[in-house]
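Respectively, the protein sequence lines represent chains A and B.
Under the working numbering, the letters of the first sequence match residues 1 to 399, in that order.
Under the working numbering, the letters of the second sequence match residues 1 to 399, in that order.
You may find that some hints are simply not true.
[To be verified] Chain A stretches covered by chain B per the calculated footprint, using a threshold of three residues with CB under 8 Å from any CB of chain B:
hint: 1; stretch: 36–44
hint: 2; stretch: 47–54
hint: 3; stretch: 61–69
hint: 4; stretch: 105–112
hint: 5; stretch: 122–132
hint: 6; stretch: 247–261
[Stated by the list, open to error] Per the computed footprint, the stretches of chain A lying under chain B, defined by three or more beta-carbons under 8 Å from a beta-carbon of chain B, are:
hint: 7; stretch: 225–234
hint: 8; stretch: 355–362
Hints are computed from structural coordinates only; laboratory data are not their basis.
Idealized CB from N, CA, C, for every residue including glycine.
Number of protein chains: 2
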Amino acid sequence: MENLAAFHTLHQVDLAFFVNTAVADQRLTPTKTAPHNFSGGPGALPQPVLEETQRAIMQVPGQPFGLLGISHRSTWFRDVVDEAEANIRELLQLSDRYSVLFLQGGGSLQFSMVPITLLRHSPQAAEYLETGYWSHRAIVEARREGPVHVLWNGRAAGFRSLPAPSELHHNPEAAYFHYVSNETVEGLQFHHSPGHENVLRVCDMSSDFLSRPFDASPFALIYAHAQKNLGPAGVTVVIVREDILERVPDNLPAMLDYREHACMGSIYNTAPVFAIYVTMLVTRWLRDSVGGLEEMEAINRAKAAELYQAIDASQGFYRGHAAPEARSLMNVVFSLLSPKLEQRFLAQAESAGLYGLAGHRSLGGIRASLYNAVTPAAVHALCGFMEFFRLRYQDSDEA
Amino acid sequence: MENLAAFHTLHQVDLAFFVNTAVADQRLTPTKTAPHNFSGGPGALPQPVLEETQRAIMQVPGQPFGLLGISHRSTWFRDVVDEAEANIRELLQLSDRYSVLFLQGGGSLQFSMVPITLLRHSPQAAEYLETGYWSHRAIVEARREGPVHVLWNGRAAGFRSLPAPSELHHNPEAAYFHYVSNETVEGLQFHHSPGHENVLRVCDMSSDFLSRPFDASPFALIYAHAQKNLGPAGVTVVIVREDILERVPDNLPAMLDYREHACMGSIYNTAPVFAIYVTMLVTRWLRDSVGGLEEMEAINRAKAAELYQAIDASQGFYRGHAAPEARSLMNVVFSLLSPKLEQRFLAQAESAGLYGLAGHRSLGGIRASLYNAVTPAAVHALCGFMEFFRLRYQDSDEA
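Chain A extracted, bound-state conformation (with noise of 0.2 Å):
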């Protein structure tokens, strides 16, 4: 637990206990100190990192100008973007053969993007996973392009699980295979990375990108939008292979022509600078504070498996949707015994200063996401939570 004491310190969080207002359970004192956000995206940042950006804006140190008054063409900035790119490699242990690309249009533009690169003139189907919401979207885009293999669905069975690597039957002369990492709305992540050695592996990590260690080697194209663990909405991380590179057409839009911006190191156009300086510090942040993405792993290991617990040892009264196996360290969807009981649990969540814990828009339910940022207190006091709105429904009329 000694990553947990790191954590506590380095976040600043003090033990105060917290008094929801509207109860007086005695028995329930979960810590808090400020708001928590457990929002799905864009969700919370380190608060170190969003110390140091509020004086960025009016003043950079040794600029003459605050963040916003500085070119993209400063040779301060490249060295902003220079950083964010080393501090992703070190981190990864990526190797010489990948580019890491600062991008505009998050991952709905990358849905796009790499059909356009690697399917619109390619005699063969692509091969997608159907996992949940998100890949869903991916394959819609990627159908624009060309022929799109679904090689294993989880709609009919509510997507609540993941295919184990032996329900996948690849064709090794497949375009490309895509998968999606952790699928945010229904909460399911991939604990290992499928695929097959003679396909080209892309994947959509947006959710779950810098929140634990994996060997980048295998892939030919990862991609991963902000604002999840990585920074500000506003930018995508994009890591191609150079094989891929030469792959790309000829005479596509600049914009949507990997090899533009790998060429141009990221600054192609205008670049978001304000969404890449935050980014930056993010990496520093993870590099220097956190430790590394081991460290940060075993904190959000340890922060989804109290959740977990607090579901599990529910008896019933709340009622995880992934199965066990499948479960996403990042995004934890549970519902209660009724639509009505769930509207009630978010309000007096929020009076107890608890935010962001709808589910998503097409799933209804419960979500809390524990991205980087959302400290160990922070699902202490959800857990406390949890436990005392239990004790107060589980026998009432309305559950």
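Once you've looked at the hints, dock chain B against the given chain A.
The following block gives chain B in isolation, referenced to the frame of chain A:
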């Protein structure tokens, strides 16, 4: 001069004198209170906007979190987008026939989205004006999608002038007509709106949007990326007429389909929350503090007049790039007698607190960008410095 007085007040400029420590010419006492930012972009933003942004980073009034902790699907952010749109509509007196969209990808993505929408399936060529660096970039991207007829080209004459209406012979059947209202690199600006009543008129207003009033009614589509007058880098405004939305081809990538963005009120996917929020503050500042676009234009005209006067009165020491009738109010581009003298000018200007004056990397020389947030005091300080520099070097061997 009432506008200038008001502008001083709202920028909280005090009129203390500055002393250039490198020199002590007592005839010259230009005003200076802080470093001044003449960058071509990202450029200066209004000081009150920066201050409010800084506060919002940690705490948005009435919200549990700061700006970077609030979901793009929150009511609060919907209101931010709606106010930014309403402010732009009010400033431009825009008709309901237009949608106002906040997108990612900059002008560069619009260079492609416009011809993807209007040229890819058109039997007719699109008409473009090649008036400088940025219109050339737009033409390169348009040619990927279909035939382009360059109606007028200023390249052979060094991009120093703009066409008179009588020089433009439109084909009434053209797919559309595209021009750049202000060329930031060469410092050229249209002071009328070229076009033909039967041809869809499309304009890149990136660098003079919201710097002056204009009649939007002849336009089919207008786009403007930040960071010039609009807000911080990372957001692009598109104003698109309803009949253009009806012409969007089916099955485009969703992120390139104006209809998707219009249908979702600019929140199709995770929006660049920060950039749109600051854009809302800038438009609010224009409306409430400046008083509107007529007032803004009067201030901008006075600033540019003082600087062009300094060039014209320099007996050829400073040489303006643009023909007088095509001079930009936004970007004042000039050269000195030698590149060596220009380097000295830039270095001494920085010592005097005057930053961002290097010309665009494609042209060299000097460029002073006078966007909305650049104060008259800043321009006055620059003119004072220029006079000092001229007196010191005009008879030296280096000149």
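How the hints compare with the structure:
1. 36–44: holds (count 7)
2. 47–54: holds (count 4)
3. 61–69: holds (count 5)
4. 105–112: As far as the stretch 105–112 of chain A goes, the hint holds, because 7 residues have Cβ atoms under 8 Å from chain B.
5. 122–132: With 0 residues close enough to chain B, the hint is violated.
6. 247–261: Held - the stretch 247–261 of chain A has 6 residues with a Cβ nearer than 8 Å to chain B, which meets the minimum of three.
7. 225–234: holds (count 6)
8. 355–362: As far as the stretch 355–362 of chain A goes, the hint holds, because 3 residues have Cβ atoms under 8 Å from chain B.
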